[in-house]
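The residues making up each chain are set out below.
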Amino acid sequence: MNSNQNISVVVICQSDMVLSGLFEILKSSLASEVILLHRGDELIDYAAMSGPVLILATSEEQEKSSSFIRQILTSVQNIHFITLHLNFDSVYSNQTINLFDAPTLICYKVNEILNSFLSDQNKDTDTELTRREIEVLQLLTKGYSNKEIADQLFVSTHTVISHRKNISEKTGIKSASGLTMYAILKKIIDVSDINPDELI
Amino acid sequence: MELFNENSKLASVIHKDHSLLPVINRLGIKLGFGDKTIRNICEENKIDLNFFVETINVFHYEAYFPEKRLLDFPISMVIDYLIKTHQYYKDYLIPENDRLIELFLSASPDENTENELVRKFYARFKEEFVIHINFEEREMFPFILELNEVIENRAIRDQFTKKYPSFSIESFEKEHSNMDDKMDDLKNIIIKYLPPNYDQNRGNAFLTNLFLFEKDLKNHSRIEDHILMPKVKQLEKLLESYE
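Those protein sequence lines, which keep their order, are chains A and B.
Under this note's numbering, the first residue of the first sequence carries the number 146, and numbering increases by one thereafter.
Under this note's numbering, the first residue of the second sequence carries the number 124, and numbering increases by one thereafter.
To be clear, the hints were calculated from the coordinates, so they are not data collected in a lab.
Do not rely on the hints blindly, as some may be mistaken.
Stated by the list, open to error - Simulated DEER-style distance windows between Cβ atoms:
{"hint": "1", "chain 1": "A", "residue 1": "Ser220", "chain 2": "B", "residue 2": "Glu129", "range": "44 to 50 Å"}
{"hint": "2", "chain 1": "A", "residue 1": "His225", "chain 2": "B", "residue 2": "Glu262", "range": "46 to 52 Å"}
{"hint": "3", "chain 1": "B", "residue 1": "Pro353", "chain 2": "A", "residue 2": "Glu257", "range": "53 to 59 Å"}
{"hint": "4", "chain 1": "A", "residue 1": "Tyr289", "chain 2": "B", "residue 2": "Arg162", "range": "42 to 48 Å"}
{"hint": "5", "chain 1": "B", "residue 1": "Arg261", "chain 2": "A", "residue 2": "Lys209", "range": "22 to 28 Å"}
{"hint": "6", "chain 1": "B", "residue 1": "Phe258", "chain 2": "A", "residue 2": "Ser220", "range": "50 to 56 Å"}
{"hint": "7", "chain 1": "B", "residue 1": "Leu144", "chain 2": "A", "residue 2": "Ser290", "range": "27 to 33 Å"}
{"hint": "8", "chain 1": "A", "residue 1": "Tyr289", "chain 2": "B", "residue 2": "Glu262", "range": "30 to 36 Å"}
{"hint": "9", "chain 1": "A", "residue 1": "Ser301", "chain 2": "B", "residue 2": "Ile254", "range": "31 to 37 Å"}
As the list claims (entries may be wrong) - Not everything, but these chain A residues come out facing chain B in the computed CB check (under 8 Å):
{"hint": "10", "residue": "Val236"}
{"hint": "11", "residue": "Gly317"}
{"hint": "12", "residue": "Ser322"}
{"hint": "13", "residue": "Leu330"}
{"hint": "14", "residue": "Ile333"}
From the three backbone atoms N, C-alpha and C, an ideal C-beta is built for every residue, glycine too.
Modelling step: build the complete structure from the supplied sequences, incorporating the hints.
Next comes the structure, spelled out in structure tokens:
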């Protein structure tokens, strides 16, 4: 679940038939979440997205809303479009999904692009924690708040929060007690360092 | 993905998606229904046909959410369903989880700290979960039902506003995400990090039950967040407009 965690796949189409169909075809072959929208401007609800975004939409929809989408998704650096071609004739392109494409072909095209995102990303996708992240994790398991961790490491609270986010993305563990367990299992801390009754 | 309708035979519905078994129980149906259609069964058991069909479809197909149609149901029906879901968790799923985690952890050759931690983590999760559902049953659902009653019978309005002065559902709106996070964490810890010196079959059995629990809980949260809450907000607006 974690390797592609940052990548979002968005399908924009007025037709529920197309939306549900693509959802069915894609959901089992992708690690990313598939977001279904009727109109491009509904992306406003997802303005917080930061990882690469793959948008499947008709060329009309792209013309209408691509500039708006880029305005909304300000923290996204990599937005890629695949064109949904919903007429009878088909177009031979890896960047286009045709109405009569077989499910396996659709999955193949989408995954090709997702894979290119992955190779674009640098070593950040590595699941090893950095030295700084380990320090944050150690303090976290001792029950310190974000503010206290920030003070100890001479960084801003904002930085601590961003470290915590990265730790959760790399490990797949979100809760503080879950992270404590992770740290013990990975021998980052010793069980005698903490009070398990309080922290787990 | 196929959606079910009132003319579907319930037996073939179950053959297609057996995860609906506990859902039909909650809706008031027991097995042994022969070849009857959903319509026949609902008529015999005096169950609201639309509510039955919509609920199994919501559960069966995660992308399906006919929110507007579901908003037409009496709120008491939705709450009754939610309470039955809680009962299913308390009477069956949680005890089953307890049993399976014990089987799984106690089968390890030597009792070790790691297992003890998993046990503790699970116990804490369970504790929080039970507090959460008890809170909903003791505080939130009664509030909603009374609110609903006030809308139907304006005479008791004063009594209601006295009991819940300056109250709104938003003060109840508890995040489900915390529960979901912990459940996810527990799964990831076992799948990714716990040293596998335990009986794999027993580990799998526990995880399988946890996945089942997760699916059910997700649907439960969807119904609460997308049907119950909007409906309650509607009622609150109505109440305000009376004043």
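Point to revise | Hints the structure fails to honour | key: Violated hints (numbers, rising): 3, 4, 5, 6, 7, 10 and 14; every other hint is consistent with the structure.
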